[in-house]
Amino acid sequence: AQRVTQPEKLLSVFKGAPVELKCNYSYSGSPELFWYVQYSRQRLQLLLRHISRESIKGFTADLNKGETSFHLKKPFAQEEDSAMYYCALSLTGFQKLVFGTGTRLLVSP
Amino acid sequence: EAGVTQFPSHSVIEKGQTVTLRCDPISGHDNLYWYRRVMGKEIKFLLHFVKESKQDESGMPNNRFLAERTGGTYSTLKVQPAELEDSGVYFCASSLNGNIQYFGAGTRLSVL
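Just so you know, the sequences run in chain order A and B.
According to my numbering, the first sequence is numbered sequentially starting from 1.
According to my numbering, the second sequence is numbered sequentially starting from 1.
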């Protein structure tokens, strides 16, 4: 079965520190990977997707098929990055998203 | 443009009662999805509409859940009768071509 694993429930860092939110997936096909973010009192919104290969708000994520990972990275965390981050995949030929359990990022001043 | 809207934002009902959640997708989006997050667990897919047709309902938990999208515009998700384990946040999302899904703010359902 398809699965997305986010091993950390909470990641707490200081402002300016590097951040890496881990995401591993299990799927035998070629998935499309996403990172969604939910800021306090806001709706879930797309942060980035692997096929775009772009950097949003300083965040990047590289799909590593060998390690089946899609870790989210930012070299210098900001307080406004504090939010809940969800890794998700969609399956070839299907549109439903399979989510991980999420990681809460807390950036302290 | 208006985003995906969900109503109500919060619903508190007793076990055995019926609740209907509504989702208005972004105008012009043919694809509409329902997800839910039960306390402490991941967000899980329920079903996917393309216009008024159910494309994928593999995530619907049981026959107490009924989703409709008459006319291919807004959708409703009815839970009848509600059970305690149905408590959680129900999300709706829509997409134009199936690539990027835009989410609503969710409906928090509390079954007492």
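Hints were generated in silico from the structure; no laboratory data involved.
You may find that some hints are simply not true.
Capping the alpha-carbon separation at 30 Å, the derived lysine-lysine pairs in DSS-like fashion look like this [to be verified]:
| # | chain 1 | residue 1 | chain 2 | residue 2 |
| --- | --- | --- | --- | --- |
| 1 | B | Lys51 | A | Lys9 |
| 2 | A | Lys22 | A | Lys73 |
| 3 | B | Lys15 | B | Lys41 |
| 4 | A | Lys73 | B | Lys15 |
| 5 | A | Lys65 | B | Lys41 |
| 6 | A | Lys22 | B | Lys15 |
Those earlier numbered hints the structure runs against, lowest number first: Numbers 1, 4 and 6 - these are the hints that the structure violates, sorted from lowest upward.
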